[in-house]
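The opening residue of the sequence shown carries number 1 in our numbering; numbering runs sequentially from there.
These are calculated hints, taken from the structure and not from any lab test.
Glycine included, every Cβ here is placed at the ideal spot set by N, Cα and C.
Take these hints with a grain of salt, some might be off.
[Said to hold, decoys possible] Calculated cross-link-like contacts (lysine-lysine; reagent style DSSO-like; alpha-carbon spacing at most 30 angstroms):
#1 38 to 79
#2 128 to 20
#3 216 to 128
#4 128 to 79
#5 54 to 140
[What the hints assert, rightly or not] The calculated label-pair distances, taken between Cβ atoms and stated as ranges, are:
#6 285 to 197: 23 to 33 angstroms
#7 103 to 187: 25 to 35 angstroms
#8 175 to 51: 52 to 62 angstroms
#9 276 to 86: 14 to 24 angstroms
#10 209 to 78: 41 to 51 angstroms
#11 174 to 91: 47 to 57 angstroms
#12 111 to 250: 16 to 26 angstroms
#13 197 to 107: 18 to 28 angstroms
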Amino acid sequence: MNLRDLGYLVALADLRHFGKAADACFVSQPTLSTQVRKLEEELGVTLVERAPRKVMLTAAGQDVVARARRILADVEQMKESARRSTDPESGTLRLGVFPTLGPYLLPHVMPQLQVRFPKLELLLVEEKSDVLLDRLREGKLDAALLALPVHDDQLHAERLFDEPFLLAAPAQHPLASQTSMTMDQLSDETLLLLEDGHCLRDQALDVCRLSGANEKTGFRATSLETLRQMVAAGVGVTLLPALSVHAPVVQPANIRLVEFSDPVPSRQIALVWRRSSALDGFLQSLAETLGALARAQLPKKSG
1 MNLRDLGYLV ALADLRHFGK AADACFVSQP TLSTQVRKLE EELGVTLVER
51 APRKVMLTAA GQDVVARARR ILADVEQMKE SARRSTDPES GTLRLGVFPT
101 LGPYLLPHVM PQLQVRFPKL ELLLVEEKSD VLLDRLREGK LDAALLALPV
151 HDDQLHAERL FDEPFLLAAP AQHPLASQTS MTMDQLSDET LLLLEDGHCL
201 RDQALDVCRL SGANEKTGFR ATSLETLRQM VAAGVGVTLL PALSVHAPVV
251 QPANIRLVEF SDPVPSRQIA LVWRRSSALD GFLQSLAETL GALARAQLPK
301 KSG
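Please work from the sequences and hints to get the whole structure.
Here is the structure:
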């Protein structure tokens with residue numbers, strides 16, 4: 001058994017096709033197939049069901065693949081630890097970020113991050129939070145920007161900042177003329193929300209539960225920008241994170257933004273990484289810098 005063969009098996013598990021897995025591993029299909037069979041012979045179990053036009057993992061195969069992912073991730077961390085011991089702020093960092101944060105935070109902080117860490121190459125991956133968590137656990141990401149809470153004892157979450165929400169309402173809406181509002185004033189409102197899978201949906205539902213508001217039935221947006229345009233069209237009201245209304249984002253002319261008075265609904269953003277990561281010390285430094293840059297972009301509290 002060797003690392004190469006474990007890599008072949010993981011590629012096959014990901015792609016579910018011998019030819020595609022072989023291409024991804026830069027070997028011929030017969031080579032990959034032979035090595036997977038040798039791995040099965042060594043372990044004494046069938047790992048892969050070979051049906052026409054379909055590849056499936058057996059129960060034993062699923063267990064072995066999960067272990068192989070951890071082994072390969074540990075080896076990569078070992079290599080990374082050795083390399084970063086001489087220059088901890090250089091190299092490549094695979095950073096995940098969810099869709100309702102990335103486009104609104106990263107343009108403001110990336111230039112300063114490049115100045116602070118000139119030798120660092122950031123490879124950004126934008127996905128929904130559940131996907132980011134899976135990739136983080138599997139070692140496919142080094143860290144991820146996520147909204148708290150994160151329930152996983154194997155992960156460390158370093159809180160960076162609290163991002164307040166604002167009410168976005170059509171100009172003709174009764175609340176649109178107010179300079180500020182309380183959570184209680186949402187009690188009679190129905191909010192436009194994102195579809196399942198977006199953490200912003202869960203955060204907005206939490207606000208609904210606290211305030212007594214309801215979700216508008218029959219509509220779920222696929223993106224934050226769709227929500228913004230539906231509000232501009234007069235369909236209803238929604239909650240927008242503060243960074244998503246920050247310049248240079250241009251609001252449609254028909255939208256009015258209303259701030260909340262205390263208690264202000266918000267979401268907590270953290271940098272999350274594996275507790276076993278060889279990059280722990282560097283990620284602590286990155287979190288400190290990233291948090292300071294992000295907080296500088298948030299609106300200052302009045303008074």
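Each hint, compared with the structure:
{"no.": "1", "hint": "38 to 79", "result": "holds (27 angstroms)"}
{"no.": "2", "hint": "128 to 20", "result": "holds (25 angstroms)"}
{"no.": "3", "hint": "216 to 128", "result": "holds (22 angstroms)"}
{"no.": "4", "hint": "128 to 79", "result": "holds (29 angstroms)"}
{"no.": "5", "hint": "54 to 140", "result": "holds (25 angstroms)"}
{"no.": "6", "hint": "285 to 197: 23 to 33 angstroms", "result": "holds (32 angstroms)"}
{"no.": "7", "hint": "103 to 187: 25 to 35 angstroms", "result": "holds (31 angstroms)"}
{"no.": "8", "hint": "175 to 51: 52 to 62 angstroms", "result": "holds (58 angstroms)"}
{"no.": "9", "hint": "276 to 86: 14 to 24 angstroms", "result": "holds (21 angstroms)"}
{"no.": "10", "hint": "209 to 78: 41 to 51 angstroms", "result": "holds (45 angstroms)"}
{"no.": "11", "hint": "174 to 91: 47 to 57 angstroms", "result": "holds (54 angstroms)"}
{"no.": "12", "hint": "111 to 250: 16 to 26 angstroms", "result": "holds (20 angstroms)"}
{"no.": "13", "hint": "197 to 107: 18 to 28 angstroms", "result": "holds (24 angstroms)"}
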